[in-house]
Amino acid sequence: MGALFRGSLGRLLAWSAPVVVLLLLVPLAGNPYQTQLLTYGLIFAIAALGFNLLLGYTGLLSFGHSAYFGLGAYSAAFMVRYLGVGNMELYLLGGVLMTALVSAAFGYICVRHTKIFFAILALALSQVLWTLAYKFFWVTGGTDGIRVPFSKMTLLAGLLDFAGSGGYQKFVFAYYYYVLFLFCLCTLLMWVIVHSPFGKALQAIRDNETRAQFLGVRVRQYRWLAFLISGTFTGLAGTLWVPLNGLVTPDILYWPFSGELVFMTVLGGFRNFTGPIIGAIAFNYLKAYAVATTQYWQFLLGFVLVVLVMAMPLGIVGALARLKAKLRPKPEAEKAEEAAQ
Amino acid sequence: MTLLQTVKLRKHFGDTKAVDDVDFVVTKGEFLSLVGSNGAGKTTLVNLISAFLRPDSGQILFDGADITHASVAERLRAGIARSFQLVNVFDDMTAFDNISLSIFSREGKTLHITALAERDEEVQREADDILQQFGLKAKRDVAVRGLAQGERKLLDVAIAYALRPRLLFLDEPTSGVSTRNKSQIMDIISSVVRAGNVTAVVIEHDMDVVFKYSDRIVAMHEGAVIGDGTPDEIRRNEAVRANLLGGSLPG
Amino acid sequence: MDILIIQILNSIFYASILFLIAAGLSLIYGVMRIVNLAHGSFFAFGAYVTAWTIGTLAAGAPVTLQFLLLPAGAIAVAAVGAAIEPTLLRPLYSRPEEAQLLITFALLLILEDVMHFLFGGIPLTAGAIMDATGIMRVMGLVYPVYNLLVIVIGVAAALFLWYFVYRTKFGIILRATSQNMRMASALGLNVKKVYVQAFAIGCFMAGLGGAIVVPAQAAQLGMGIEALVLAFVVVVIGGLGSLEGALIGALLVSFVRTAGIQFFPEVELAVLYLIAAVVLVIRPTGLFGKPA
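Residue numbers (my numbering), protein chains in the order written: chain W, 1 to 341; chain V, 1 to 251; chain G, 1 to 292.
The calculated label-pair distances, taken between Cβ atoms and stated as ranges, are: (1) W:TYR82 / G:ILE135: 41 to 51 Å; (2) W:LEU188 / G:GLY121: 40 to 50 Å; (3) W:LEU13 / G:ALA79: 54 to 64 Å; (4) V:ARG145 / W:LYS152: 51 to 61 Å; (5) W:LEU327 / V:LYS137: 23 to 33 Å; (6) W:TYR82 / V:ASP141: 51 to 61 Å.
Short derived list, chain G residues pointing at chain W, Cβ under 10 Å: (7) LEU92; (8) ALA99; (9) ILE103; (10) PHE105; (11) ALA106; (12) LEU109; (13) ASP113; (14) VAL235; (15) VAL236; (16) ALA270; (17) LEU272; (18) LEU280; (19) GLY286.
Honestly, the hints are just simulated from the structure, not real lab data.
The structure presented is a predicted model; accordingly, all values stated were derived computationally and were not measured.
Cβ coordinates follow ideal geometry from the N, Cα and C atoms, glycine included.
Excised from the complex, chain W in its bound form (with noise of 0.2 Å):
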């Protein structure tokens, strides 16, 4: 048992427990509307976790990923509107086999190409979803989209449901657990992932697409399995929101969102793994500040977009990274080699 606590896996255990004890206290701290704000961040900490796996660990900008994070939110709605489905647990098998299909099938295409071209096809197939889902209304709703109430809803294979009154605060209250549990899942999973002999190929392949190619690595059928991979993370978290948000419409698809997910990974760092989660929460607080604030919201993302991109390249845990490299006292050997370079 010990064994599997040393090393890095370890180390992130041990970082992470005291944040996750935080977190399991928030809807005990705060209200309603705190802790439902939060659960959206988790959520698209997920999406963002999933998005990096093609960007920061193998060098790939998709422009698209609203595809797979709409589709995750539509899969459940069309459980809900025709197979009449109220369980949580199918959603979810639903939505992430769904997704998984289409990025298994976007990504074939994606993954022949590589920087601009690849960003603007992935972003043309996302698009594909987005007119499919506007157009086709009498299947998708169209603009009015398809409610998915949780009123009508069980997590935990029927445990929990929400009917009757005081229904909303027990949803909020308990989904913000289960989105949680899921969260820190993910969050294990793509540790492990990125950790793995499989991420390091990638990281090959991002670092270098020759040379991996030279080694042995079939660098275009690893790019496929990272763009499936990154997709169904993306399409659970689509999932897991269509629910508190209790609609979803082609907004979701709309590519400007999947610009969202861009944003909110690089505001956190891409270049390491605690980068994305930070960010898609940090985003989510700032989106929601801004929107409170003034109708000129996207003015002040994209503001805040810029001094990102011009003063913060890594990201705030970037920043902070190397915020603490400043601070540290430097050991002596490491002086006298920076000197000699």
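Dock chains V and G against chain W, hints included.
Frame of chain W; chains V and G shown alone:
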């Protein structure tokens, strides 16, 4: 015992005869230097053998098998690896990760998605061992981007070496490195390669280095082989002296 | 048959606008290797400025004056572009492309709200010009003269651009810089100046597209975001960096869109994106594209 053989291998780029019907042989276990002035065809020859380029005509035989149309992956599996003249390493990963990736790839473990890389003790040990042999142990956990040029060149070779190839091509492993470091680097490379029983072909410009370390030298000029023999034989070779040594005889 | 002619004219009208936007996008990419995510927003800005200038500022003025004020949007956008390149883009040239994509996305967000702030939430029109130019008979059918005018402008723009890029000294400089920036710099060309000029010209074209579309179609929020994706589809099909590609792509996209709206309205956009995907699979750099 012949390990590699090319038969009338040809690669032309328009009017330029980069590799012109070359018959090139590498014997198992030897340390061979491939020399020639710029544009002689050395790198093109290596590119053809390592599947970086496709030949126009001719054959490549490795250990008897025809690999002329084999892919990069197939040649790697057969046992051919190479390093690069312009350093081709994984800049944002540690030196340790660079080497261990090579090993993971060789062992076919790169699709292991749910196993932590650091938990594979065998791979860890071997990677540390190779780093030690190449004198890079101290830089194990440093991001490669921050290494000095000489260290990067060594790492480039080490990554290829970690594939445990039977035949290793080294493209100018000491280029861009100061004279003092050149022999240090070549000392390390030749001792590791010989200790590992790896047949090596080194493209090299520095004739001092070439004469000091090679069992055999193959000299090329304008796409053709103009000399092939031991250092002494090459020293006596008129054509080589005229085209490469400029009359002076190193050591 | 009659409807076919109208549809063909509509397609060419639409293609003229698309060509201007896409050619601008392609020009900027070709010279500077930047993909400007705010390009659609520049189109929208041009539309808004022209609509406001003609429809609000010069409302009631003689039509001839309004006509002269038409390019106001294009000029305004060019000025904005010329201000943005040195401040927001130049510092990022040494950074990986993701940084440029992000900052142009930020620009998009900023511009959307700038337009909202300056021009309000209601669509702005400049319909007076459309009314004034009236209609004419084309093969027994009526068709707005203004639309034909736009087609003429589109064709003229294409010809002018071709001449400009391939026949003038500045065009040679542009092409040299786009092919080899370092070499151009080593030869003494002021690359900074070329870049800001190229960016301004690209923006001018997007703004011009917006300016000339506005008498026919109102300027409204969100038009830029929609336009950008279509422009992307055009350059993906035609090839990033290629003028001919922008032209062919614009025509193709336009015709498919018009046919789609007529016959299969639900899937008209989806078909476009799928065509783009297919083209990319067959020819990764687009029909006429340059390698990345």
